[in-house]
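Residue numbers (our numbering), protein chains in the order written: chain A, 1 to 331; chain B, 1 to 331; chain C, 1 to 331; chain D, 1 to 331.
Just so you know, the hints here were simulated from the structure itself, not pulled from any lab data. Hints are supplied without guarantee of correctness; some may be wrong.
If several chains are the same, the list does not tell them apart, and a pair holds so long as it fits within one copy or across any two.
Listed next, the in silico SDA-like pairs over lysine to any residue satisfying Cα-Cα at most 25 Å (straight line) [what the hints assert, rightly or not]:
no.	residue 1	residue 2
1	Lys237	Ser292
2	Lys331	Ala174
3	Lys305	Phe156
4	Lys209	Pro139
5	Lys63	Asp102
6	Lys62	Glu38
There are 4 protein chains.
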Amino acid sequence: MRFLLLALLLFPSYSSAQNVVRYTTTNANVKYLFATAEPVAHLKSGDILDTNTLDCFGNGLKKPGDTLDMAKGDNPLAGPFYVEGAEPGDTLAVKILDLQVDGDMGVGVFSPGFGSINSSKYTPVLEKSPWKERVWFYPINHADNTATFKALDSDFSVKIPMHPFFGCLGVAPANGEARSSIVPAEFGGNMDSPEASAGNTAYFPVNVKGGLLYLGDGHAAMGDGEAAGSAIEVPLKARVQVSVIKGRRIEWPQFENEEAIMTVGAYRPAEDAARIALTELVYWIHGDYGLSEMDAYELLSKVGKIHFNEMVDPNYVVVASIEKKYLPKKK
Amino acid sequence: MRFLLLALLLFPSYSSAQNVVRYTTTNANVKYLFATAEPVAHLKSGDILDTNTLDCFGNGLKKPGDTLDMAKGDNPLAGPFYVEGAEPGDTLAVKILDLQVDGDMGVGVFSPGFGSINSSKYTPVLEKSPWKERVWFYPINHADNTATFKALDSDFSVKIPMHPFFGCLGVAPANGEARSSIVPAEFGGNMDSPEASAGNTAYFPVNVKGGLLYLGDGHAAMGDGEAAGSAIEVPLKARVQVSVIKGRRIEWPQFENEEAIMTVGAYRPAEDAARIALTELVYWIHGDYGLSEMDAYELLSKVGKIHFNEMVDPNYVVVASIEKKYLPKKK
Amino acid sequence: MRFLLLALLLFPSYSSAQNVVRYTTTNANVKYLFATAEPVAHLKSGDILDTNTLDCFGNGLKKPGDTLDMAKGDNPLAGPFYVEGAEPGDTLAVKILDLQVDGDMGVGVFSPGFGSINSSKYTPVLEKSPWKERVWFYPINHADNTATFKALDSDFSVKIPMHPFFGCLGVAPANGEARSSIVPAEFGGNMDSPEASAGNTAYFPVNVKGGLLYLGDGHAAMGDGEAAGSAIEVPLKARVQVSVIKGRRIEWPQFENEEAIMTVGAYRPAEDAARIALTELVYWIHGDYGLSEMDAYELLSKVGKIHFNEMVDPNYVVVASIEKKYLPKKK
Amino acid sequence: MRFLLLALLLFPSYSSAQNVVRYTTTNANVKYLFATAEPVAHLKSGDILDTNTLDCFGNGLKKPGDTLDMAKGDNPLAGPFYVEGAEPGDTLAVKILDLQVDGDMGVGVFSPGFGSINSSKYTPVLEKSPWKERVWFYPINHADNTATFKALDSDFSVKIPMHPFFGCLGVAPANGEARSSIVPAEFGGNMDSPEASAGNTAYFPVNVKGGLLYLGDGHAAMGDGEAAGSAIEVPLKARVQVSVIKGRRIEWPQFENEEAIMTVGAYRPAEDAARIALTELVYWIHGDYGLSEMDAYELLSKVGKIHFNEMVDPNYVVVASIEKKYLPKKK
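Start from the sequences and build out the full structure, keeping to the hints where you can.
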């Protein structure tokens with residue numbers, strides 16, 4: 001049964017049998033919490049969801065001259081989407097089929113108190129920032145799939161290839177918690193993982209009935225660490241397929257594609273995020289691919305990857321991964 | 001003058017005018033400290049050094065069945081090499097021209113108390129490790145440029161492409177310090193940076209007259225983080241070109257090649273290593289490429305890379321980088 | 001106005017004018033979240049609340065032989081108590097008038113996966129714990145105010161003086177979040193601060209109308225760090241006085257008594273918790289006592305205290321403090 | 001044998017049989033490294049050393065108006081003192097018999113780039129400090145045992161009780177390392193531990209023949225964390241008794257007095273420093289006092305202390321302790 005579902009997941013056929021649920025996200029129906037809340041739509045396992053997400057400012061900043069106080073909330077989320085049959089102890093699989101930047105302008109922002117190498121809320125220093133808020137606008141060129149950086153303080157611009165992904169992707173947390181959409185943690189959330197892009201499947205622990213999937217915070221491109229606090233922030237058009245894997249229990253989010261398996265650690269300090277991702281990856285290799293824990297550990301030490309997603313949010317996010325070509329055949 | 005030196009550095013011509021110094025490293029002449037010590041050879045700026053390094057066990061483990069107590073010291077180093085004209089306040093550039101695995105067998109080891117996700121000296125837990133020392137041997141195939149992982153606890157093997165690099169590369173520390181060859185810090189040292197490979201130039205702050213370059217701890221391949229505590233450990237044949245950049249003062253090691261500039265942070269927690277690398281990269285972009293600090297910070301947030309080298313040594317090492325194609329022309 | 005309220009707070013007179021609200025906490029009415037929820041009672045600013053709290057196991061473990069699976073939930077909370085007039089931007093003052101251990105037996109527990117120096121959820125290592133759950137019972141002697149530790153593995157016992165305090169004390173979080181009662185953060189929560197004891201006043205930021213005060217997780221005594229994951233866990237009889245300080249905005253919890261002012265940092269890594277507490281204390285001294293920030297910083301460097309409360313919960317808690325005798329007269 | 005030595009150590013009799021070695025420290029004979037170096041004097045086990053130390057500025061700042069560039073080096077050290085019979089694997093005990101402030105003026109300094117809550121070398125932020133170097137002078141009153149803080153930016157002064165201790169106390173490191181006198185680590189060093197005061201005995205691992213004891217960096221008083229980067233810096237007159245404990249091997253420094261045993265962790269992040277101190281304390285209790293590791297862990301969770309010494313040096317220092325009254329009789 002599990003094998004069948006995974007097969008379905010990794011090689012979807014888009015058969016006419018697959019149901020497509022369409023949902024339109026607007027500032028009137030977004031949420032700002034990963035929480036147990038009234039679903040906006042119900043999906044069956046295997047259904048495809050066709051929707052859109054607003055950018056992290058609620059699409060409030062549109063053109064040069066617009067300022068951060070025009071933002072309509074932080075990280076508005078589409079959802080929650082209820083997936084039938086999902087129960088605590090299951091895993092929710094979200095295969096990202098297609099992501100398109102939904103507009104012609106991306107936005108980047110520096111805001112005092114937020115960022116990896118300036119005084120911040122959780123790593124404060126006494127020095128008051130001499131810098132004020134700054135906003136960069138990135139014209140989108142759909143034809144050549146780029147967004148253009150334009151320096152504010154000198155005459156320089158450069159094109160950046162787009163790699164659209166969800167900054168926010170996750171489910172309702174365990175234990176009745178409700179977490180702000182700026183937080184990444186065990187339930188996914190604001191992971192800012194470029195791994196949340198078309199072609200990849202994300203797995204989340206199901207903590208409540210229906211799982212309650214949320215999506216948002218589209219990024220056209222982002223550097224590792226999201227150093228200054230923002231990516232190229234954009235609205236997205238999104239097509240994902242949701243599936244319930246019954247009886248597979250995971251503790252932290254995971255990603256998978258045809259080439260690799262990937263685990264997410266979301267905590268502080270950064271080495272704890274990495275420890276979470278690495279231990280989860282050892283257990284995954286041991287459980288599904290049959291290497292002993294020691295052999296798995298050794299193999300990761302030779303070919304594993306550790307990818308720093310962001311170190312600006314309330315928790316830092318690290319993804320550990322290994323290419324499947326280095327693993328035995330799956331059990 | 002600086003421009004000329006850099007040009008030389010980045011596009012070496014191997015002209016007959018370049019002097020080649022040959023030095024043979026053996027267990028009889030290795031060092032175990034990055035320190036101010038008697039040089040084993042003197043080089044002029046621009047000279048090429050042709051030498052070899054022993055593996056991190058002093059080539060003591062040779063074949064299946066050999067055990068860790070046969071190791072001849074930890075991370076034996078070739079050197080130090082004195083570079084004429086190098087004085088405190090200068091930068092030493094080490095262009096890695098060629099690295100070849102010097103043997104037919106690589107080694108990996110798990111040793112209780114050392115590793116990223118087991119109880120360790122600096123992150124101890126009460127749980128005593130149930131695991132004993134384990135040793136993996138990796139047959140080297142020079143023809144297809146691979147090393148082969150063979151599981152110890154099941155019947156599985158897989159070929160791993162080789163990417164040879166120095167695990168140890170650095171100079172004498174500042175302030176008269178002498179640091180063990182297992183430590184990475186401001187002077188470089190046991191950085192375990194895959195960036196220390198052929199085609200790249202490493203820069204180090206010169207802290208004492210002559211700089212005093214050390215090399216060692218060859219790796220045929222390594223996963224990010226060097227999770228279980230070792231790479232595929234091998235002896236190397238090495239060819240590097242050293243140059244002094246007069247009057248350029250750097251605080252932490254850097255790497256550069258034709259495509260990218262890269263900065264090293266070596267500290268704990270891992271976010272401090274990343275903070276060091278990121279601030280140094282902002283300053284480098286600002287100083288040499290003319291973007292304002294804010295524009296540089298924003299650009300890194302969109303296209304920067306953060307690469308986790310290792311999180312097992314006494315300090316953790318992170319490399320931040322940006323591709324030159326995203327930067328203005330160098331000033 | 002503010003002066004008057006503080007005076008009231010620090011030198012309460014128990015006059016007949018003060019209203020006393022009595023509330024009985026049972027397993028039937030406890031909560032497990034710091035969240036916006038239906039109040040169980042309404043208080044006026046200046047009112048005294050007379051209530052009781054269950055121990056962290058819902059009073060489920062009563063005598064030697066009882067096991068952790070008899071616990072009725074983790075950290076059940078009394079409340080929430082709505083304080084009239086409290087609005088976002090105000091500060092809620094909770095003066096702890098009296099705390100008494102409500103029973104004859106305290107409990108301590110080691111549970112694999114929770115603790116400061118064993119493999120834990122957020123700092124995992126591969127080593128599986130060789131230790132199983134252990135439970136220690138601490139007979140309470142009200143006459144000499146002690147609880148007795150009895151070793152499980154040898155014949156040794158020793159009396160420990162009691163210092164009763166709330167392990168959990170806090171308000172509804174900001175931004176609509178709901179946080180598990182095992183979490184300490186900006187809203188207070190599971191701070192495990194011995195500072196939450198009789199004679200001290202705790203201050204919390206008001207995030208929602210009414211503030212919504214929660215209390216629980218009584219401790220008869222605790223070592224710094226709560227190293228093994230529990231204190232001497234006990235039910236409490238509690239008497240506190242709540243007051244609203246209009247227009248005083250704080251970012252993190254604070255404590256105060258006649259001798260000292262104290263600030264709370266609750267985050268990870270531990271140095272970030274300390275940074276939060278220290279910056280908040282500099283700002284407090286600067287704002288209310290008139291020293292320049294630099295003079296305040298210097299003075300803390302000479303006479304400040306940093307107290308490690310716990311390093312086992314999802315965030316670590318540190319309290320920084322300075323005795324008032326070292327400060328100028330309050331402005 | 002060990003018992004006898006410890007007895008001697010804890011209850012010294014100052015009998016005429018005890019040899020007293022006198023040594024005068026000046027800027028001409030100080031060292032700036034904990035390292036293997038030529039001893040300045042030889043001591044027998046049990047001998048008393050009567051010496052003096054310079055302040056951390058080499059006594060270079062003497063009166064209001066003096067500036068940091070008048071400092072003669074950072075943390076000059078008296079020593080090294082060779083203790084006969086001390087060999088690797090032994091423990092060196094240093095009983096601090098008497099410490100007196102050697103002068104009439106103490107000094108405190110803020111220096112940009114150094115401190116717990118400002119941008120620093122190992123936790124850098126982009127914000128440039130708006131603050132320049134500041135120097136505070138603390139007149140010493142020997143009659144009432146106080147030093148007086150005088151605010152620089154307002155008219156306020158306050159007396160601070162003196163508690164003299166060594167900021168630097170340690171031995172030559174292992175593995176041939178030489179470490180700057182601003183670094184605390186396994187060998188002791190710049191621990192900034194108020195525990196290094198009269199009445200306490202410090203224990204250090206012996207790493208080289210003779211141990212090679214260094215002393216310096218006297219503090220008249222210091223707040224936890226040494227937040228702004230300095231204590232009340234003073235020269236000291238010191239009287240210590242050294243003893244070799246043959247065959248007792250320790251990994252990290254320890255302190256002991258009649259009331260308590262204390263362990264030192266010196267690393268980053270701060271929780272790793274605490275983990276080191278706590279595990280060492282569990283092992284000490286288990287080894288010398290006979291409680292099982294689990295009982296020791298539980299007992300620390302109830303009555304242990306964790307004391308934050310400093311979080312400004314290259315490593316952070318934490319001391320964990322337990323009062324002997326809570327322990328079984330020593331084995």
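Each hint, compared with the structure:
{"no.": "1", "hint": "Lys237 x Ser292", "in the structure": "neither (42 Å within a copy, 34 Å between copies)"}
{"no.": "2", "hint": "Lys331 x Ala174", "in the structure": "neither (30 Å within a copy, 46 Å between copies)"}
{"no.": "3", "hint": "Lys305 x Phe156", "in the structure": "between (34 Å within a copy, 21 Å between copies)"}
{"no.": "4", "hint": "Lys209 x Pro139", "in the structure": "neither (41 Å within a copy, 43 Å between copies)"}
{"no.": "5", "hint": "Lys63 x Asp102", "in the structure": "within (15 Å within a copy, 58 Å between copies)"}
{"no.": "6", "hint": "Lys62 x Glu38", "in the structure": "neither (31 Å within a copy, 40 Å between copies)"}
Comparing the model with each numbered hint stated earlier shows that hints 1, 2, 4, 6 do not hold.
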